[in-house]
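Produce the entire structure from the sequences given, and follow the hints as far as they go.
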Amino acid sequence: MDSGATIQKGLPLKSTKWKNFEGSLWQLKSARRFPSIRRITHKGTNMVKTHIKTLVFLAVMAMGCAAGRAQDEIIVGEFASLTGGNASFGQSSHKGTELAVEEINAAGGVLGKKIKLITEDDQSLAGQPATIMRKFISSDKVIAVLGEVASSKSLEAAPICQSNKIPMISPASTNPKVTEVGDYIFRVCFIDPFQGTVGAKFALGRGWKNVAVLTDVKQDYCKGLAEFFKQAFEKNGGKIVKEQSYSTGDKDFKAQITSIKAAKPDAIYVPGYYGEVALIARQAKQLGLKVPLLGGDGWVGDSLITVAGPAIEGSFFSNHYSEEDKSPVIQDFVKKYKAKYGSVPDAMAALGYDSANILADAIKRAGTTDGEKLRNAIAATKDYKAVTGTITLDEHRNATKPAVMMTVKDGKFSYVDTVSP
Amino acid sequence: MTEFLQQLINSLTLGSIYALIALGYTMIYGVLRFVNFAHGDVFMVGSFAGYYIAPYLVKGIAESGRHLPFVPPFAQNSYAGAIAVLLFAMLVCAILGMVTEKVAYRPLRSRPRLTMLITAIGVSIFLEYFGQFLFGADPKSFPSLMDMHSFDWMDTKFGLTVTNVDVTILGVTLALLFALRMIVMKTKIGMAMRALSVNPTACSLMGVNNDMVITFTFGLGSALAGAGGILYGTAYPSIDPLLGVNVGLKAFIAAVLGGIGNIPGAALGGFLIGLIETMVVGYWSSNYRDAIAFAVLILILLVKPTGLLGKSEREKV
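Going down the list, the protein sequences come from chains A and B. Just so we're aligned: the first sequence equals residues 17 to 437 in the working numbering. Just so we're aligned: the second sequence equals residues 359 to 675 in the working numbering.
These aren't lab readings, by the way, just hints derived from the structure by calculation. On a predicted model such as this, the values are computed, not experimentally measured, just so you know. Here a beta-carbon is modelled for each residue, glycine too, at the ideal position from N, C-alpha and C. Zero decoy hints are in this set.
No more than 27 Å apart at the CA atoms, straight line, and that leaves these computed lysine-lysine pairs for DSS-like:
| hint | chain 1 | residue 1 | chain 2 | residue 2 |
| --- | --- | --- | --- | --- |
| 1 | B | Lys498 | A | Lys356 |
| 2 | B | Lys498 | A | Lys428 |
| 3 | B | Lys498 | A | Lys239 |
Partner residues are not named here, just some residues of chain B that face chain A (Cβ under 10 Å, in silico):
| hint | residue |
| --- | --- |
| 4 | Gln490 |
| 5 | Gly494 |
| 6 | Thr519 |
| 7 | Glu635 |
| 8 | Tyr641 |
Right, dumping it as structure tokens:
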């Protein structure tokens with residue numbers, strides 16, 4: 017068959033055009049012939065008018081509401097990946113934040129007002145955080161922003177908060193660049209250089225001299241962690257035997273693992289997010305690679321264990337806190353979280369909880385929600401007894417606190433060691 | 359050398375799945391001269407059909423002997439369950455393919471082909487986001503249909519790792535390829551499909567019901583995508599509603615590379631794309647994987663515009 021047009025009905029293209037033309041002629045004629053069509057259009061305009069009336073009414077109502085809300089509530093915006101690839105992070109940090117806000121409000125709120133948390137889902141997609149920030153600032157008029165876990169999302173939101181002088185506290189973005197955006201950007205977690213160093217120290221402590229690195233090149237978090245791990249590991253006498261990479265969303269890692277296997281490492285450093293790490297662990301086992309994997313806090317997610325199953329057993333990662341820690345602050349938080357959500361809080365939940373509490377503490381000390389004064393109060397946070405350790409914000413607006421090393425044992429995360437800065 | 363052979367084995371799993379999906383693209387193109395861009399999403403629906411039915415089917419079949427006296431013991435193991443899941447997903451996808459053809463494409467068949475192409479993109483986006491609404495956007499863990507174990511003798515003799523999952527995927531793909539070849543070359547409906555691809559007008563003059571043949575082609579192509587979905591879930595047990603975007607695109611390239619409209623070409627293209635991707639990642643860097651795959655496509659099309667196996671008088675189905 018040569019001509020595409022004659023495939024179906026054997027009609028040349030031209031005749032189809034004519035048919036369409038005739039069709040439109042018929043429509044013109046019928047509009048004149050049947051007045052009922054007109055009547056419908058007339059009714060249409062009426063409906064538009066009614067709609068405009070309703071809209072104006074609604075707009076007035078909304079303005080009234082907004083004005084009323086601003087007086088007795090403090091509005092805080094939270095953005096998180098509630099759906100998509102990083103949904104496990106977003107759900108946890110959101111639950112932690114929500115719990116903290118509820119507690120603060122139950123205790124009478126701050127400055128005699130209740131905190132109202134507005135949560136938006138960025139669907140784990142790049143581009144969404146910027147849209148959400150514009151909505152927060154222009155329509156919700158938030159006084160501060162809490163979020164995100166993933167560094168690349170925080171890096172997208174931070175410049176917008178900075179230029180509007182709205183303080184932003186990230187619960188768990190560990191890439192150094194996040195707070196380098198400006199003096200209104202804070203975090204309540206440690207940063208990648210520290211986490212990478214902890215990983216390197218741990219590997220050397222276990223006697224692993226030859227380590228391969230497998231990084232997600234699409235994530236600032238993963239690249240940062242791999243970079244600092246390599247620096248610290250090589251400086252202290254270790255050897256990186258192979259470097260391989262992948263992109264977020266990949267499912268097949270067999271090519272990378274086969275090439276790593278040929279280099280015969282003692283362990284593989286995989287500072288990725290749980291979704292890909294689970295598949296990497298499975299495929300490594302499938303290809304008969306029996307060395308442990310080593311990673312960072314990006315591993316914390318339910319599907320790590322459900323997808324990887326026994327393949328992830330005996331691997332290690334650095335984390336912000338362990339729910340097995342016996343200190344009363346942690347056990348009290350675990351109890352309250354379990355009572356509300358019926359599950360054990362992971363590190364992201366604990367950090368979400370801390371971020372909201374540090375904000376509330378700063379509002380109290382500032383005595384106002386005014387942008388600049390609030391910023392100064394957050395920056396002055398010192399020795400705050402948080403769930404994830406005692407938090408002091410340094411001059412770069414990063415929290416300095418110890419990390420814990422965890423392992424996977426019998427399908428559960430379990431505590432191994434605490435590493436101080 | 360061992361590493362190279364291992365990469366070759368790795369590429370077969372990936373290539374099998376690309377090949378199965380590429381077949382659907384190529385068959386539909388063969389009869390309608392139209393690229394069904396929603397095909398990758400039919401593949402995604404296939405893996406979700408398996409995800410939801412597997413717990414019931416695998417368990418139900420394993421226990422069927424207790425309730426039904428006539429089920430022979432050999433049909434009660436997990437392999438029978440896995441085959442049942444595969445057939446179920448193929449059925450779901452076949453129905454989905456036929457319904458989309460009937461609802462979305464058939465009314466537009468007399469219109470310029472661009473209209474149908476845009477509609478296909480619309481159907482694709484609909485399936486992706488309706489899937490997000492229905493299944494949820496977070497990745498799901500695909501249930502394991504068979505216990506994975508590797509063959510020790512391969513390891514001790516050659517230092518290679520081959521698992522039963524790899525072998526099954528390749529085996530199922532080759533079996534389906536063979537079955538498809540038989541349907542197209544040896545059956546009456548296959549003859550009608552070939553006739554339709556040569557000249558639809560003459561075909562209907564000879565008393566062939568063109569609508570029926572086109573519906574059948576959509577059903578058959580989509581069933582292969584469904585099988586691909588189950589194999590994919592077994593090999594990479596993390597599925598989400600946007601799964602079909604990337605895999606579908608790669609399979610489309612595979613179909614074009616092999617010569618779109620040509621069945622052996624689609625299979626060859628699938629295995630070739632799998633091989634190129636694996637080798638680029640294994641010996642170079644994952645950053646260049648897609649760039650190289652597309653560069654190869656452009657090069658081949660420059661030298662041979664009809665694709666690898668495409669001829670000016672090709673066997674079209």
